[in-house]
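Q: Residue strings, one per chain:
Number of protein chains: 2
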Amino acid sequence: MLEGSLSIFGIQGLPEICEGDDLAKLVVDALLLRNTSLEDGDIVIITSKVVSKSEGRVIDLATIEPNAFAQRYAQAWDKDPRVVEVVLNESKRIVRQVGPVLITETNHGFVCANSGIDQSSSGAHDRVVLLPEDPDESARTIRRKFRDLGFDIPVIISDTFGRPWRESQVDVAVGIAGMNPVTSYIGEVDPHGHEFLVQSLCVADEIASAAELVKGNVSRIPAVVVRGFSYQSDEEATMQDVLRDPQNDLFR
Amino acid sequence: MLEGSLSIFGIQGLPEICEGDDLAKLVVDALLLRNTSLEDGDIVIITSKVVSKSEGRVIDLATIEPNAFAQRYAQAWDKDPRVVEVVLNESKRIVRQVGPVLITETNHGFVCANSGIDQSSSGAHDRVVLLPEDPDESARTIRRKFRDLGFDIPVIISDTFGRPWRESQVDVAVGIAGMNPVTSYIGEVDPHGHEFLVQSLCVADEIASAAELVKGNVSRIPAVVVRGFSYQSDEEATMQDVLRDPQNDLFR
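From first to last, the protein sequence lines are chains A and B. With my numbering as the guide, the letters of the first sequence map in order to residues 3 to 254. With my numbering as the guide, the letters of the second sequence map in order to residues 3 to 254.
Each hint should be verified, as a subset may be incorrect.
[Said to hold, decoys possible] Derived coverage of chain A by chain B (criterion: at least 3 residues anywhere in the stretch with Cβ under 8 Å from a Cβ of chain B; other residues may be distant):
id : region
1  : 10-23
2  : 100-107
3  : 166-172
4  : 236-249
[Unchecked claim] A few chain A residues that don't get close to chain B, going by computed Cβ distances all over 10 Å:
id : residue
5  : VAL30
6  : GLU41
7  : ASP42
8  : THR65
9  : ILE66
10 : ASN69
11 : ALA70
12 : ARG74
13 : PRO83
14 : LEU90
It should be emphasised that the hints constitute simulated quantities derived from the structure, not laboratory data. Just so you know, even glycine gets a beta-carbon here, dropped at the ideal spot from N, CA and C.
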């Protein structure tokens, strides 16, 4: 590897994840089967969907009683009223509701389509997968389990979000443990002595996006290792620090 | 390298870029000095600022005559009226103007702060660096020059943008040549037979973000190689395809 280089690889051979699974142990075991292991300085990125499955954050739609609002909206736009009800339950505010598009602010504060719930591969058609209830806490738990196995590894939980102004989606971080999500250049100067106008970079989101590049295929790989990034250790890290205060947000 | 892995490394030792410089040749020469070379399958990501400098997209502020609007706005918020005038000239629409914050739609259609102009390191305090006039064309030119040197290399031109809802910035793609900026999963099914709800991923933006991770330091490295990504070749590629039609944009 060249000096200052990163390597990124997907963790192959993970089983279908079920409630109660220990994701840290599954990752370590899957690497062991390939005669390899985590190393100091590695970061592990895990797709929110498998974290949610391991935490039982899966809803059987048969148990959902949609309210009148959910029923009317679902009927108008050919949606499942039970899914609309779940989207509402997972949100604290509807940011945009235009035609069939429902952009919400989730209970955690993320702004995304449909409160980040996932209908695509929950194991049966009448189930949906929610985002983890507290993705930072999920990341901290997985980090703790890595530590119990002898590995001091920051953990990022990622999800796939759309964005304004640009078509198609990118992966971003929704939970973090063990590293600062942002690298700040405030007060630093460039080689010409100018202060940087780029004040801080959200490396957590950039790492989540980078990780997506090795899992982006039909047999989605749910966990990825980024090796070689000089992260700033931070045991108090939280993605909440990255969420813009709604009072200062020009697009909410 | 493990199967399916990516590696990402910055190109060390590039000189300060001046108007007329051949960036492809400088990249190839810098790698040669380290006894290495581009390989088939590599993607080169170059910071827009050095592309702009090589194209002479640098404005001497002494030549700018700010209009009355620029003067009033600059005075109200302690800005340089000549910089405000340049921001206006580089834009076709002001998307938000709130206090000192000016979010514009650039002449190319990107929505970003201050039309993407850069005051941080243009070589002197009275100069600003604009985005390339046509970043896709810039990428195509650099790609052509790599080809003349014997390397078939897609090129991405990146810039650092803020975003709604989240603090801090990430690198995104503003120009592309030789590869499809988007990977589409429309119509594909997951292992359970469900159609993907994630319909398309903007791999160009994810690659730009990944590349930032190896240049993110005070001695900003302006060019990066991503090795091992299975891109889809596309000689007609353009970042314009990623820009959402303003008519369909809920946040413009």
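Q: Against each hint, give a clear statement of whether it holds in the structure.
A: Here is what the structure says about each hint:
no. : hint    : result
1   : 10-23   : holds (count 4)
2   : 100-107 : holds (count 3)
3   : 166-172 : holds (count 7)
4   : 236-249 : holds (count 4)
5   : VAL30   : holds (15 Å)
6   : GLU41   : holds (12 Å)
7   : ASP42   : holds (18 Å)
8   : THR65   : holds (20 Å)
9   : ILE66   : holds (18 Å)
10  : ASN69   : holds (23 Å)
11  : ALA70   : holds (25 Å)
12  : ARG74   : holds (21 Å)
13  : PRO83   : holds (18 Å)
14  : LEU90   : holds (18 Å)
The structure is consistent with each of the numbered hints, conforming to all of them.
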